[in-house]
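J.: Start from chain A and add chains B and C according to the hints.
Protein chains in written order, with numbering that gives the first Met the number 0: chain A, 0 to 756; chain B, 0 to 275; chain C, 0 to 155.
I should point out that these hints are in silico values taken from the structure, not numbers from a laboratory. Any given hint could turn out to be false.
Stated by the list, open to error - Here are the simulated DSSO-like pairs of lysine-lysine, each with C-alpha atoms no more than 30 Å apart in a straight line:
#	chain 1	residue 1	chain 2	residue 2
1	B	Lys35	A	Lys53
2	B	Lys21	A	Lys53
3	B	Lys257	A	Lys677
4	A	Lys111	B	Lys39
5	B	Lys39	A	Lys53
6	A	Lys111	B	Lys35
7	A	Lys749	B	Lys218
8	B	Lys153	B	Lys39
9	A	Lys677	B	Lys218
10	B	Lys39	A	Lys124
11	B	Lys153	A	Lys754
12	B	Lys257	A	Lys124
13	A	Lys370	A	Lys385
14	B	Lys39	A	Lys677
15	A	Lys370	A	Lys396
16	B	Lys35	A	Lys124
17	B	Lys153	B	Lys257
18	A	Lys624	B	Lys257
19	A	Lys111	A	Lys124
20	B	Lys35	A	Lys677
21	A	Lys749	B	Lys257
What the hints assert, rightly or not - Derived contacts from chain B toward chain A, CB cut-off under 8 Å, selection only:
#	residue
22	Tyr40
23	Leu41
24	Leu182
25	His184
26	Ser186
27	Gln187
28	Ile190
29	Arg253
30	Ala255
31	Tyr256
32	Ala259
33	Ala260
34	Lys262
35	Gly263
Glycine included, every Cβ here is placed at the ideal spot set by N, Cα and C.
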Amino acid sequence: MKLVGTEQPIHDARSKATGRLRYTCDIVQPRQAHLAMVFSSIPHGYVVSVDATKALELSGVYGVFHYYNTPEYRFNHYRTQFQAAQDLPPEECVFQRYVRFVGDRVAAVAAKDPETARRAAALVKVEYQQLPYATDFDEALTGKHCLDGQAPIEDECNITVGQPRPDEAEGIEVTVHNELSRLHHAAMEPHACVADYDPDTDELTIQSPNQAVFGIRTVVADMLHMPYNRVRVIKAPMGGSFGGKQEWMLEPVCAVVAKELKRPVKLVYDRAASMRSTYCRCAMRGDVRGVFRKDGTLLRLDLDILLDAGAYIGNSRDYIRAPFGKMFRCYRVPYGTLHGRVVSTNTTPSGAFRSWGVAEYYVMVEHMLNKAAAALNMDPVELRLKNVLLPGESDIKMKLPVEETRTRECLLQGRDHFHWEEKRKADTEFNASNHRYKRGTAVACGGHTNTYYTRFNDFAGVEARMCDDGTVQANVSIHDHGCGSVQAFKMILADALELPIDLIRMGEADTAHTPYDYGCFSSRSTFVVGRAVQCCGENLRREIIKSAALMLDVPEEELYIKDASVRRKGYEDVALPYKDISQWTILNRRQELFADARHHNVTNPTVTGAHFAHVEVDTWTGLTKVLDYLAVHDVGQAINPAMCIAQTQGAIQMGCGAALREQFTFAPDGRSVSSLAKYHLMNAPDLPDIQVELIQDGRSQEGPFGAKSIGEVGMVPVAAAVAGAVNQALDADLQVIPMDPDRIVEYLTKREAAKCD
Amino acid sequence: MSTCYIPNTLDELGGALGHLTKDSLILAGGTDLVLKIRSKYLYPDILLSLSDIPELREIRITPEQAVIGSMSTMHQVELALDGLEDLQALADAAGGVGSPQIRNKATIGGNVANASPAADTPSVLWALNAQVDIMGPGGVRRSVPIQQFFADGKTVLSLGEVILSFTIDRTALTGWRSAFVKLGHRSQVTISRIGMAMALRQDASGVIQDARVVVGAIKPIPFPLPAAEDILRGNLPDPCLAEALGATFRGNTRRAYKEAAAKGVFEDVLLRFQKN
Amino acid sequence: MRLNFFVNDAPVSLEVDPQRRLLDILREDLELTGTKEGCSEGECGACTVIMDGLAVHACLTLAAQLQGRHVTTIEGLEKNGELDILQRCFVEEIAIQCGFCTTGMIMSAKALLLHNPNPTEEEIRTALSGNLCRCSGYVQIVNAVSRAARELGGEV
Chain A
0 MKLVGTEQPI HDARSKATGR LRYTCDIVQP RQAHLAMVFS SIPHGYVVSV
50 DATKALELSG VYGVFHYYNT PEYRFNHYRT QFQAAQDLPP EECVFQRYVR
100 FVGDRVAAVA AKDPETARRA AALVKVEYQQ LPYATDFDEA LTGKHCLDGQ
150 APIEDECNIT VGQPRPDEAE GIEVTVHNEL SRLHHAAMEP HACVADYDPD
200 TDELTIQSPN QAVFGIRTVV ADMLHMPYNR VRVIKAPMGG SFGGKQEWML
250 EPVCAVVAKE LKRPVKLVYD RAASMRSTYC RCAMRGDVRG VFRKDGTLLR
300 LDLDILLDAG AYIGNSRDYI RAPFGKMFRC YRVPYGTLHG RVVSTNTTPS
350 GAFRSWGVAE YYVMVEHMLN KAAAALNMDP VELRLKNVLL PGESDIKMKL
400 PVEETRTREC LLQGRDHFHW EEKRKADTEF NASNHRYKRG TAVACGGHTN
450 TYYTRFNDFA GVEARMCDDG TVQANVSIHD HGCGSVQAFK MILADALELP
500 IDLIRMGEAD TAHTPYDYGC FSSRSTFVVG RAVQCCGENL RREIIKSAAL
550 MLDVPEEELY IKDASVRRKG YEDVALPYKD ISQWTILNRR QELFADARHH
600 NVTNPTVTGA HFAHVEVDTW TGLTKVLDYL AVHDVGQAIN PAMCIAQTQG
650 AIQMGCGAAL REQFTFAPDG RSVSSLAKYH LMNAPDLPDI QVELIQDGRS
700 QEGPFGAKSI GEVGMVPVAA AVAGAVNQAL DADLQVIPMD PDRIVEYLTK
750 REAAKCD
Chain B
0 MSTCYIPNTL DELGGALGHL TKDSLILAGG TDLVLKIRSK YLYPDILLSL
50 SDIPELREIR ITPEQAVIGS MSTMHQVELA LDGLEDLQAL ADAAGGVGSP
100 QIRNKATIGG NVANASPAAD TPSVLWALNA QVDIMGPGGV RRSVPIQQFF
150 ADGKTVLSLG EVILSFTIDR TALTGWRSAF VKLGHRSQVT ISRIGMAMAL
200 RQDASGVIQD ARVVVGAIKP IPFPLPAAED ILRGNLPDPC LAEALGATFR
250 GNTRRAYKEA AAKGVFEDVL LRFQKN
Chain C
0 MRLNFFVNDA PVSLEVDPQR RLLDILREDL ELTGTKEGCS EGECGACTVI
50 MDGLAVHACL TLAAQLQGRH VTTIEGLEKN GELDILQRCF VEEIAIQCGF
100 CTTGMIMSAK ALLLHNPNPT EEEIRTALSG NLCRCSGYVQ IVNAVSRAAR
150 ELGGEV
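So here's chain A without its partners, still in its complex pose (with noise of 0.2 Å):
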């Protein structure tokens, strides 16, 4: 291991640097036709009319695009598979006749260039007919937005693992109920697609930042009835993600329009449209219930969840039931129900975002955690410390070994290093002794997944080919989110040939050229296609040997490489660099150095982290500072550590935001916030220095180097974290998050006037 493990830059950082990487917002293609679009102002009805006259007046408008000029295109913006693998029905429309949302897609305006679009689509009459709606849970359940055979229960679940204890009636009972905002995923880049169609070839291309090329493909291709070899997508630069571009908006728009309009076609989504017309984290209530021993143990684990769907359900059965396996990879759960329901209400869909469910579900566990503890008179991390899996246990609900899991390792060095007991003992002098300011410290602890196994068979593909100078080329479909997938690759192939990395070209997921892969979710790319990616270079390597022994006309066990050159075994003259065997074989064995690596998983690790948050709350203002937060992650092998710290600190300012202040709300009119300016994330002032640790003694099996994932399980605990020390602060039991100041000190006035009476 010469770079995995080392600190280095993400690959495309000196581009980044200087402005020149392109992304799609960059793009510039010849006669290209700038989309903008009309969205919904109903929350609920009918498109009766489209009238674009207006629009087709000003100069340099191309067409205007809606449900009564086009196909009705159908399709589910939530499938990233074939049918057979994700039985999804075609929900919606490109072009809305049925609108179910402010924000729904109406019409799409071409022109000339982005404020002529603009302007032109502010010119679209559009003529409604207007139906009952509902925008929250309580409206949502009397169904009063309900069609004629539609129930306000969408779906509904029943999930039970494990056994129950024997000694569970005499357990002591602890209950806490919550309620979630929803979130905006606010990647600094707006949503954005440019598409082009070649109607001599019948070929469609397109471009956009998006988690699952082979997704955006087969929904495409089926909606517009093209074989899927004429449908190519790449994957562009990225600006962030975290969820909140792996399912499809505007690449459907995209595709219609360029194939009507015979032209190359560009949709940037501002902040409002990236806000509101795409997809956001569902609103969630729950009531979690824990069973105890007196000593701690946790017998059994209840949770009954109510999901908002939003205006199209998606992915929301799939999302109520995901997070709830998570909660046997933590901690030892030894019987455990979900009660789920999903309604829909009309507004933004919710769909995928970082987790997927975790962070929400563990919001409302570790609350439940914390009430425990101090019901049971346990200090909250020795209350963890007795419940969390240890190496040797299994994950009872996917039936897998945990491997080796060092949860207990995060929590006592998490505790140690976070100097636990001494910032409770500060604070509980500082609260006795300050009016207005009170303190609070809390931990949280978490656990993900490294792979879509067992939920589906997991694998991927990869191919490497040697240059006839001796610099290397692979395909593999990465969909780097700007988390460093690219380089983190680069680096294990880089180790595999012993080749310095820049003579490694690694490109990103591209359907014409990089090989079938479900994409990036389920935080599979590192233990995934990662491992594929490490096993790629074992076989090129052997490749490589097998040439040179050829070459030399030796065995190959005599053979080894160093310095990108293949040496033998006590004779140190002879050394054949990379570029002369890349050569030899082209001309002798009449192929290039190649070699492929098809890898699946049959495990799938438990990966963990405990956080650790100090707070300060203003009781009289309900603004609160985070003073302190530690991260302690279980990793196996950080490939490239400084990217896992920086990502984990991401992880856990998106998670404040969260806990104290992030909420994506609508009005009664149905209208969403649409801006950032009501929609607040935390600024460099609002953050501490954030410490994130590294675990690496923990490795898995089937991860590259022992690698487990890090990217969603950093998110987990953070919400939580924060929440439990607020509440410590307050010695309260505030259950709506995030606890944002009005309701901090709306619960803080009825307190004191509770104490009066």
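T.: Relative to the frame of chain A, chains B and C by itself:
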């Protein structure tokens, strides 16, 4: 395309003002107007930019008065007034508007003329008894006390009028110190939910002889709070007064949050007077 | 209107609508796409450029305000193929992930160091308070700016 006037002198400005119609727009810093232009798809017949008139960017401070050009950016106002005890509140307010990028473009004139209820400088100008110096078509001048400048969330500026400067009589502020604190959604880069301007005249032992408290972001226009001023007079500016002061918000806001949070803002502003 | 101004020290003369945003002039008319549009309303800072020595939002600056002004964009930082010290520090300090906030962040940092060559951590965070990053917790970004300041001051 709109016609664009970019006058370079006050005379040219006077001439340009005469051409403005109700469909014309006056561009100061642009941080408010550009958002309006985009969201409402405005296409003014005339766009008048004030950015190239040097006199409008002048800040002239003498012991007798401060004359602040309307096109002074928030950053320039903060730099020029920070440390001047009587005018400190204006430096505080300007220094807390938006982000550094916003402060480099947003102007004090634009802030006042836009008259957003959440604007930060109007309440301070009110507490400091500023005069608003106005020019109209043909260069006609008039001056209005800030307290008479706002009406129903709008201003008394009529068609073709712009703010030239703000004049603050410093001799009237002899012995006074001022400070401004805002409460927003986060510590930096936020719109105000409460903006509090306080000016105090204290005697040698620090006892408050006279006080002015003007609050912004609560009502459509800034409003003075005589009940708070009464509590302050005769006392030291002690943070322990905060809860009593906070109670004066009762009946002045329908927002329960702001009523409860007011004491926090009062304490924070009193703490600023403690520093010296 | 006929707009005459300077971009990265080069004179530019354009016939434009007086209300055309500087952001669009840069990205479309001058094909300088390093300046990004993240929110269109002066909240995210991705469009930050330096105008006459001060950091401003290109999305809130109109042509009518640009006459005779000197604008520096990210493209103007590199000199003779050599990265500006801030660019280099951002790369080396792992302060870049998705990169969309990077150019605006660097411009704000550049503007800070022009006026305050020795900023404290608090001053750096305030200078960057108008630049949002969703990928990080700002730690490496602050480190990169600190390091650039030290290197510029002659210390290493």
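J.: None of the hints should be skipped; say for each whether it holds.
T.: Comparing the hints with the structure gives:
no., hint, verdict
1, Lys35/B <-> Lys53/A, "22 Å, holds"
2, Lys21/B <-> Lys53/A, "24 Å, holds"
3, Lys257/B <-> Lys677/A, "17 Å, holds"
4, Lys111/A <-> Lys39/B, "21 Å, holds"
5, Lys39/B <-> Lys53/A, "17 Å, holds"
6, Lys111/A <-> Lys35/B, "24 Å, holds"
7, Lys749/A <-> Lys218/B, "25 Å, holds"
8, Lys153/B <-> Lys39/B, "18 Å, holds"
9, Lys677/A <-> Lys218/B, "19 Å, holds"
10, Lys39/B <-> Lys124/A, "16 Å, holds"
11, Lys153/B <-> Lys754/A, "44 Å, violated"
12, Lys257/B <-> Lys124/A, "41 Å, violated"
13, Lys370/A <-> Lys385/A, "15 Å, holds"
14, Lys39/B <-> Lys677/A, "19 Å, holds"
15, Lys370/A <-> Lys396/A, "26 Å, holds"
16, Lys35/B <-> Lys124/A, "21 Å, holds"
17, Lys153/B <-> Lys257/B, "23 Å, holds"
18, Lys624/A <-> Lys257/B, "19 Å, holds"
19, Lys111/A <-> Lys124/A, "21 Å, holds"
20, Lys35/B <-> Lys677/A, "16 Å, holds"
21, Lys749/A <-> Lys257/B, "15 Å, holds"
22, Tyr40, "5 Å, holds"
23, Leu41, "11 Å, violated"
24, Leu182, "6 Å, holds"
25, His184, "5 Å, holds"
26, Ser186, "6 Å, holds"
27, Gln187, "4 Å, holds"
28, Ile190, "7 Å, holds"
29, Arg253, "13 Å, violated"
30, Ala255, "7 Å, holds"
31, Tyr256, "5 Å, holds"
32, Ala259, "5 Å, holds"
33, Ala260, "5 Å, holds"
34, Lys262, "5 Å, holds"
35, Gly263, "3 Å, holds"
Hint violations for this structure: numbers 11, 12, 23 and 29, all remaining hints satisfied.
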